[in-house]
Amino acid sequence: MASEKPHSINNPFERLRTSVASNYIFVLPALAMFLIFNIYPFYKVFQMSFIEWNGIDPHGGVFVGLRNFKEALFEDEIWWGSIKNAAYVTFLALTLQNFLALVLAWIVDRGVRGGQAYRSIYFLPPILSGVVVGLVWNWILRGDGGMLNNVLMSVGLEEWVRPWFADLRTALNSVAVVHMWKGFGWGFIILLAGFQGIPRELYEASRVDGAGEFRIFWTITVPLMIPVFALVSVLTILGTMQLYDIVVTTTRGGPGGHTEVPMFTIIRELTGNQRYGYASCLGVVFGFILVMVSVLQLQVAKRAKVD
Amino acid sequence: MKKLLNLVSILFLSIMAILPACKSSSQSKDDAIIIAHWMTDREKAFNELAEKYEQETGVKITFRLHAPSDAYAQFISIGAQTDGLPDIFGILGDTKSIASFINAGHVLNLDAALGSGPGSWKSTFYDEALKTNYFPPENEFNVPEGTYGIPIDVTTIPMIYNKKLFVKAGLDPKNPPATWNEFLDAGKKLRKVGVTGFVSGWAEQWLIYSLATNLAHNVMGAEKIMDTFRGKVPYTDADWVQVFSAFEDLYKAGFSDPGIVSLVNKYAEQSFASDRAGMTFNGSWAVNVYGEMNPELEYGVFRTPAISSAYPRTVWGAAGSVFNVNAKSVRKDKAVAFLKWLTATEQATFLLDKTKNLPAIKGLDDAGNPILKEFSFVMEDSIHPSRFTAAEEPRVVNVFGKGIQSIMIGEKTAEQVAKEIQAMKDKVSKS
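Order-wise, the sequence lines are chains S and Z. Counting from 0, one number per residue, gives the positions in the first sequence under numbering that gives the first Met the number 0. Counting from 0, one number per residue, gives the positions in the second sequence under numbering that gives the first Met the number 0.
Take these hints with a grain of salt, some might be off.
With a Cα cut of at most 25 Å, we get these calculated PhoX-like pairs of lysine-lysine [as the list claims (entries may be wrong)]:
| id | chain 1 | residue 1 | chain 2 | residue 2 |
| --- | --- | --- | --- | --- |
| 1 | S | K69 | Z | K429 |
| 2 | Z | K418 | S | K83 |
| 3 | Z | K426 | S | K83 |
Note that these hints are calculated values from the structure, not bench results.
One chain only, chain S, in its complex shape (with noise of 0.2 Å):
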């Protein structure tokens, strides 16, 4: 045994073994992945806002400083109006989406009959394609022919008829309420595995206190779930400000631009205007505004949760 010692010592390949070098050796492709197809296109993109390119021509455009960032920033009416838009959608989904998930996550944890048959069936939307579900909606909202208009009409609310989606006071609110149709699942399966981290102990110690239900939710429930609020918030913005596949699917961002968001003015920018320079500028703006919002997010609910 002795003499083994000083044999694995010599061996180039029992040393490299044994050192710290060879652990990272594990990681190496790993990072070299992460590297290559999240940080380089990330620098790329950020490197491309400062030039201005269509996309084809092989030497690589004409570098115009911060002359896109000056357009994005303060001149572009119809990027910030997509902005805008997204925002609203964003806030119908923050508060009506969300109070709906809450509403009947809670519901299904108070152990509800059938409440798997539930999880199953408000989760069914979500994994669905943003396109099929946009073609639906398509089909249950359009002007004519749409199976909304004929039940309002089968049932006597004439006035009420419209084309849901071209109609100026009802585009945006009709492209909200199917993302909101589509994403509420999300925010459900997330609150209700929430409530279902709750020790049970806690309800039955308050109860025994005699503590009322309502008294239950606010001074146990809600503080123990203030960061799946939080979790839940961040992920709404950052999935409501991608909007994209419903917007092409029902709208096109009309009418009238009515209900543009901003993914899909980039991609103009980049197919259709071959503009790459201000698209990747566009990217960068965007991407600063959803970190900006969601460092916000979790500042208020740590902050809240602190309290």
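Please build the complex by placing chain Z on the supplied structure of chain S, with the hints as guidance.
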């Protein structure tokens, strides 16, 4: 330090090992000719022809479908950036886009292959079809003179009307509307008998732009439109306002599909094919679409109704699908040979029979289908952005389309839209 150097070396080698796998694979490693396209309706016919060509010549042809057209356009754009374009491809876009591919050295000049005079390959095509990818001397896109694409078929985008519904509304199916007022009158009569007067997929702004440029040609002629694109005539000019006012009149007449600006063309086609709408604005590809949706549909074709007597009535008409040869391909000669074979009478007849698209070569006009003859008839006096001598900035075109959508929902007037388009034009000109 040594450890760190080792780490960096291993990382570098890992990246080098992965990078070759990332290179575009649009060009085949064997001798097969790769053709990228977006034509879902022609996929089966193309594959059958590829098989036939391989049997005849031994050269393998692989058609690769990338759909929808947006995805195809992105695929081609990325192919151009990485020098990974297939041997044969098509460019979806206006003259400016085509020019940018040519100027980047991606597209082969086909003048030598096409030849000239009787009996040449060139002589087999309709002139209008070949012009789609032709650049004249000293053009403003700085493209060397020549023809850079081979048309597979031609497309016209006229007005289409339902003959049965015309009879039902008391209209003469042999005399479709010739003026805008007749068109408005016909729409109102159709509405009175309970059908939608007019439907079109105007969520797709290019269809709006197509109709509007037809009307503009009728009002002011091609040169004034090109001068507008060049910035010499403002969109607030009375002629342009007259064009936008036609849409305002259409909105006020109240017979169009109420959701016309949120309809994609496929839904508009369904509506028309199911006898729910009396008139539509759609392309010649609809012959195939309507045939599949409702073989009993009785319809006819008419030119864009006139809003002025100053210039002729036009429709958009050009090569519908064009194949370009990759100038950087090592198989470019074989690719040209295949395109010659593909556009020969026998193969063109096969495609016409299978897809009902208007052929780009002469002598196959109706092929026993009278409605196709009607669509090809309106090719005379046709216009198309690919033959415009100037190109409008896509940002202006976008505001143009949105503006007409706003008119069609009663949000804005013709004058307001004209001012907004001009404001974007000014902004683009300054940048």
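For each hint, the structure was consulted:
1. S:K69 x Z:K429: With Cα atoms ~14 Å apart, S:K69 and Z:K429 stay inside 25 Å; holds.
2. Z:K418 x S:K83: Holds: Z:K418 and S:K83 sit about 23 Å apart, inside 25 Å.
3. Z:K426 x S:K83: Given that 25 Å is the threshold and the Cα spacing comes to 22 Å, the pair holds.
Violated hints for the displayed structure: none, as all numbered hints are satisfied.
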